[in-house]
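Colleague: Protein chains in written order, with the numbering used here: chain C, 1 to 114; chain Y, 1001 to 1116.
The hints are simulated quantities; they were obtained by calculation from the structure and are not laboratory data. The structure presented is a predicted model; accordingly, all values stated were derived computationally and were not measured. Any given hint could turn out to be false.
Calculated cross-link-like contacts (lysine to any residue; reagent style SDA-like; alpha-carbon spacing at most 20 angstroms) [claimed, not checked]: (1) K58(C) - E16(C); (2) K101(C) - E1044(Y); (3) K101(C) - L1060(Y); (4) K1057(Y) - A1(C); (5) K101(C) - K1011(Y).
Counterexamples of contact, computed for chain C against chain Y with all Cβ distances above 12 angstroms [unchecked claim]: (6) S26; (7) S54; (8) G62; (9) E66; (10) E88; (11) F90; (12) Q100; (13) V103.
Backbone N, C-alpha and C fix where the C-beta goes; we use that ideal spot for every residue, glycine too.
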Amino acid sequence: AQSVTQLDSQVPVFEEAPVELRCNYSSSVSVYLFWYVQYPNQGLQLLLKYLSGSTLVKGINGFEAEFNKSQTSFHLRKPSVHISDTAEYFCAVSVIQGAQKLVFGQGTRLTINP
Amino acid sequence: DTGVSQDPRHKITKRGQNVTFRCDPISEHNRLYWYRQTLGQGPEFLTYFQNEAQLEKSRLLSDRFSAERPKGSFSTLEIQRTEQGDSAMYLCASSSLAGRGDEKLFFGSGTQLSVL
């Protein structure tokens, strides 16, 4: 079975500051890794995903994440946040074989203060 | 591409009543997923369809839950004899299976169920 732990339930930052949202996962088999964003009253939207290859993955809206196999982590970063980045962020994994049955973490609420 | 649409957006019901939700996936997407999200938690997988075939059901999906996708297009999720513990956001997602690892899920905005 797979599990995902997002280490911070809430992260407040000031506008234009850098941010890191932490994610650790556990799995006995190889997995794909994802970050999704959920804006208020909207569906989940894919930010980025790691399938294989380069461990640094770039996504939409200036976000990037680094896969660290030895630490089983997939932290999300952005060098300078904007008010519009205020949202809930979810880290997720899925096994490589078969359908994309995502296992999500509990979410991190990112709040950007002016 | 009109996105994944779910109906209704909100549903309030009394304990013991039956409810049905509908999901319209993106046209020609052959996979359709149902997830449940409770307050303060991430979504949890419930079931998925490939075309009209329901290929997997989570153990979270008790006998009171049933999902269908009769013609491989829209899907319905029915909950019979609702309980307060069923209160959650029910999310639908669809995808076009382009190849291993290349599947991208598109989520709807969800149906918020409140059981009183």
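Colleague: Beyond 12 angstroms from every chain Y Cβ: check whether that's true for E88(C).
Modeller: For E88(C), whose nearest Cβ neighbour in chain Y is about 9 angstroms away, the distance does not exceed 12 angstroms, so it is violated.
Colleague: Beyond 12 angstroms from chain Y, beta-carbon-wise, is Q100(C)?
Modeller: violated, 5 angstroms
Colleague: Closest CB-CB distance from G62(C) to chain Y, is it above 12 angstroms?
Modeller: Holds: least Cβ distance 20 angstroms, greater than 12 angstroms.
Colleague: Check whether the Cα positions of K101(C) and K1011(Y) lie no farther apart than 20 angstroms.
Modeller: violated, 26 angstroms
Colleague: Any Cβ of chain Y at or closer than 12 angstroms to E66(C), or is the non-interface label fine?
Modeller: Answer for E66(C): holds, closest chain Y Cβ roughly 19 angstroms.
Colleague: Beyond 12 angstroms from every Cβ of chain Y: is that where the Cβ of V103(C) lies?
Modeller: violated, 7 angstroms
Colleague: Does the claim that S54(C) lies off the interface hold, with its Cβ farther than 12 angstroms from every Cβ of chain Y?
Modeller: holds, 15 angstroms
Colleague: Test the statement that S26(C) is away from the interface with chain Y: the closest C-beta pair must be farther apart than 12 angstroms.
Modeller: At roughly 15 angstroms from the nearest Cβ of chain Y, S26(C) sits farther out than 12 angstroms, so the non-interface label holds.
Colleague: Mind checking the alpha carbons of K101(C) and E1044(Y) for me, to see if they're no more than 20 angstroms apart?
Modeller: Judged against 20 angstroms, a Cα distance of about 9 angstroms means the pair holds.
Colleague: Take the C-alpha atoms of K1057(Y) and A1(C), compute the straight-line distance between them, and say whether it is at most 20 angstroms.
Modeller: holds, 15 angstroms
Colleague: With a cut-off of 20 angstroms on the C-alpha distance, tell me whether K58(C) and E16(C) pass.
Modeller: Holds, at about 19 angstroms.
Colleague: Below or equal to 20 angstroms on CA atoms is what counts here, so check K101(C) against L1060(Y).
Modeller: holds, 14 angstroms
Consistency note: the structure conflicts with the earlier hints numbered 5, 10, 11, 12 and 13.
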